[in-house]
Amino acid sequence: MGVNGGPVDLPDPRVGALSRVAPKPVRYVLNWGRRYSLWVFNFGLACCAIEFISTSMSRHDFIRFGVIPFAPGPRQADLMVVSGTVSDKMAPAVRRLYEQMPDPKYVISFGACSNSGGPYWDSYCVTNGVDQIVPVDVYVPGCPPRPEALLHGIVRLQEKIAGESLGERYAPVPPAAALASPLRPAPERP
Amino acid sequence: MSNHEAVKRVPGAGLAKGLAVTFRTLLRRSVTAQYPEVKPALPARSRGAIALLEENCTSCMLCARECPDWCIYIDSHKETLPAPEGGRERARNVLDRFAIDFSLCMYCGICIEVCPFDALFWTPEFEYAEYDIRDLLHEKDRLREWMWTVPPPPENDPSGAVPKEITTAERTAGPLTPGAGGDRDGGSEGGAGE
Amino acid sequence: MDISERTVGVGAGAAQTGDAVSAKDMATEDMVLNIGPQHPSTHGVLRLRLRLDGEQIVSAEPIVGYMHRGAEKLFEVRDYRQIVVLANRHDWLSAFANELGVVLAVERMLGMEVPERATWARTLLAELNRVLNHLMFLGSYPLEMGAITPIFYAFTEREYLQAVMEEVSGGRMHYMFNRVGGLKEELPAGWTGRARATVAEVRHGMVRVEEIIHGNEIFRARTRGVGVLTREQILQYGVSGPIARASGVDFDLRRDEPYLAYGELGDVLRVVTRTEGDCHARFSCLLDQVAVSLNLADACLDRLEALPPGPINQRLPKVLKAPEGHVYQWTENPLGLNGYFLVSRGEKTPWRMKLRSASFNNVQVLKELLPGNLVADMIAILGSMFFVVGDIDK
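Protein chains in written order, with the numbering used here: chain V, 1 to 190; chain R, 1 to 194; chain A, 1 to 394.
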């Protein structure tokens, strides 16, 4: 609250302004640090959440990759793994928790349901893909994907982080409406 | 209740027991699989991705129709082959497009089961996470590439019935291997067909 | 801005001061606390609306529907093979048992006889699936109570079992191995031997899981006498499965209305019951059921190897249509009674297929169980109700 009781518009915290002017070695070191310390927030919704837990357990153990599943909540996390069906009732919560995460943040969509609604795409109450409400960095296919597939997705994400520039990533803030993935091109008819 | 109650418990015995388990586990070999360095050994039936043997496909649309969430897209057109000498011309279907949307696929295997011409196969490959969801739509050339990773199917349990592929083959071509079909109930069927 | 001042949650002590003045000063207003929909202890997206007086829960209301996916509606446009695919996904921890209920209902509708090998193989896989399900809860429950290690052990055993299930069916969680009339395909050669070795391995591993947590003093202190469910509550709310049996309701469909091959397994099948009805009883019920299920799996393997050679499925017509009519089939799922009410109008899709899922009833009892407990105990109670959110919301 402001002095006169009203809310005060604080400038949005910006990420990446400095990293745009940072020299390349510094940027490399920063990216290196970020890619191997991904505190993950598991948005466990359905079946895939069990495979996510499997991945974090002793057999697959993604802490080897620097993915740390002990984030106390979204506010301390860098990576959100949406695993499971996003229903229309749940979608606002997903969006809200995503917004609570500090920048830079990444989203892995884990499994068919969060990729595009999967088996339930024609249901009356299922969001057809979490990318309609939050931007997704890596899509892991499977129903549910095996734990190794999530590990592969994490490796892909780390490759992406290694090669990215935060300044570019955060230059314009896309409005929510622009996030929906464009429709697939219609199959060409002969 | 159980015998836990009957015995007077030493305070902390349960904790000590648990710690002992932890300590023993400390001495055991780790079970962690070193995934990116060591690829997992997956069983042949493992459902990783669907491979298409394009040559076998007659674009009959059975798979696309039976798919529980209709994630297979097929386009085809009819082509008339010129008549060979003394014959008449034949029409055949040419596959223009065969695509599986792996972002939608639920990996149930119904398409592979219903395919009457053995054009679809499971491969255990799973490493195809993408940055863009549109790349999860695998067109036929990419599905054809999966074919190289399809493992041979495992042998069936000997106490099971002889698979119908073998009985059909035996009916047309006689016993495939001497002795293989003889001691089973399916073998007599194969013999009868001769 | 709309600002109002509230005094919340001074504590239960305020009511007991007796002094009129201070009681007025310290008059408290109940605080409404939402647990969930995204909260680790709800393992999934159950939401609980609690009214708290200090740390004490005054009333609790489970709000369901965050995972509602409309599976029953989707069943209506899918044929009986496609239904199986969706049916195993509502309770994702017991996929095999769910497929089984659907195909049993259709088979009963058709009056179809299933080959004996298929029946025994189904029983075996259903029991292995039960172990998988219970292992998940045996691991996650201590985790919610602050003991992290048991879940690692439980998941190590789960991985062994999942490898066996994957070898036979191709899937780690959603097996898609049941078909109307039997199983999808023959077991691979040598699989029974490997399954037997795995069962032995898991039985050995269960000793670790039990030793590390079951006798633990902290764990016992947090679970014993907490969240006691009475027999009457169980019957009123239709609670079933290990939760009901922990309160002394001796009811298990595998024994009381045998389906599959359970009728012939009477000497191995021991129905685990407890009388206390508290969280600890529910946990130890689960623990003992794993042992029983492993014994059953061994017995099934014995029978499967002794059976004469035969097919594992029926040849089905090209288009499978269930005759007009309706049928109710219930099975003992790992989490309780699952019912499938199938109404057919003679078409290749059902006209309606209603699921009676175990978790839905099991969770409703929270409304009676939680009030009077502390928030810290809520975690213990919630975890011991062993529910799967998809099974609640379908």
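Please keep in mind that the hints were generated in silico from the structure rather than gathered at the bench. Backbone N, C-alpha and C fix where the C-beta goes; we use that ideal spot for every residue, glycine too. There's no promise every hint is true.
To be verified - As a list, the in silico SDA-like pairs of lysine to any residue whose alpha-carbon atoms are at most 20 Å apart:
#1 A:Lys73 with V:Tyr124
#2 A:Lys321 with R:Glu130
#3 A:Lys318 with R:Val114
#4 R:Lys17 with A:Gly205
#5 R:Lys164 with A:Pro309
#6 R:Lys39 with V:Tyr124
#7 A:Lys73 with A:Pro309
#8 A:Lys348 with R:Trp70
#9 V:Lys160 with R:Tyr131
#10 R:Lys17 with A:Lys321
#11 A:Lys73 with V:Ser123
#12 V:Lys105 with R:Glu130
#13 R:Lys78 with R:Lys164
#14 R:Lys39 with V:Ser58
#15 R:Lys39 with V:Ser123
Said to hold, decoys possible - Beta-carbon label-pair distances, calculated as ranges:
#16 A:Gly111 with V:Phe70: 25 to 31 Å
#17 R:Glu165 with V:Arg169: 49 to 55 Å
#18 V:Gln100 with A:Asp30: 22 to 28 Å
#19 A:Leu316 with R:Asp132: 39 to 45 Å
#20 R:Glu139 with A:Arg345: 47 to 53 Å
#21 V:Asp103 with R:Pro40: 46 to 52 Å
#22 R:Arg134 with A:Val207: 48 to 54 Å
#23 R:Glu139 with A:Ser59: 53 to 59 Å
#24 A:Gly111 with R:Pro151: 56 to 62 Å
#25 R:Pro40 with A:Glu61: 42 to 48 Å
Hints and how they fare:
| no. | hint | verdict |
| --- | --- | --- |
| 1 | A:Lys73 with V:Tyr124 | holds, 9 Å |
| 2 | A:Lys321 with R:Glu130 | violated, 40 Å |
| 3 | A:Lys318 with R:Val114 | holds, 10 Å |
| 4 | R:Lys17 with A:Gly205 | holds, 15 Å |
| 5 | R:Lys164 with A:Pro309 | holds, 15 Å |
| 6 | R:Lys39 with V:Tyr124 | violated, 40 Å |
| 7 | A:Lys73 with A:Pro309 | violated, 40 Å |
| 8 | A:Lys348 with R:Trp70 | holds, 17 Å |
| 9 | V:Lys160 with R:Tyr131 | holds, 9 Å |
| 10 | R:Lys17 with A:Lys321 | violated, 58 Å |
| 11 | A:Lys73 with V:Ser123 | holds, 8 Å |
| 12 | V:Lys105 with R:Glu130 | holds, 18 Å |
| 13 | R:Lys78 with R:Lys164 | violated, 32 Å |
| 14 | R:Lys39 with V:Ser58 | holds, 17 Å |
| 15 | R:Lys39 with V:Ser123 | violated, 37 Å |
| 16 | A:Gly111 with V:Phe70: 25 to 31 Å | violated, 55 Å |
| 17 | R:Glu165 with V:Arg169: 49 to 55 Å | holds, 54 Å |
| 18 | V:Gln100 with A:Asp30: 22 to 28 Å | holds, 27 Å |
| 19 | A:Leu316 with R:Asp132: 39 to 45 Å | holds, 40 Å |
| 20 | R:Glu139 with A:Arg345: 47 to 53 Å | violated, 40 Å |
| 21 | V:Asp103 with R:Pro40: 46 to 52 Å | violated, 35 Å |
| 22 | R:Arg134 with A:Val207: 48 to 54 Å | holds, 50 Å |
| 23 | R:Glu139 with A:Ser59: 53 to 59 Å | holds, 57 Å |
| 24 | A:Gly111 with R:Pro151: 56 to 62 Å | violated, 39 Å |
| 25 | R:Pro40 with A:Glu61: 42 to 48 Å | holds, 45 Å |
The earlier numbered hints that this structure contradicts are 2, 6, 7, 10, 13, 15, 16, 20, 21, 24.
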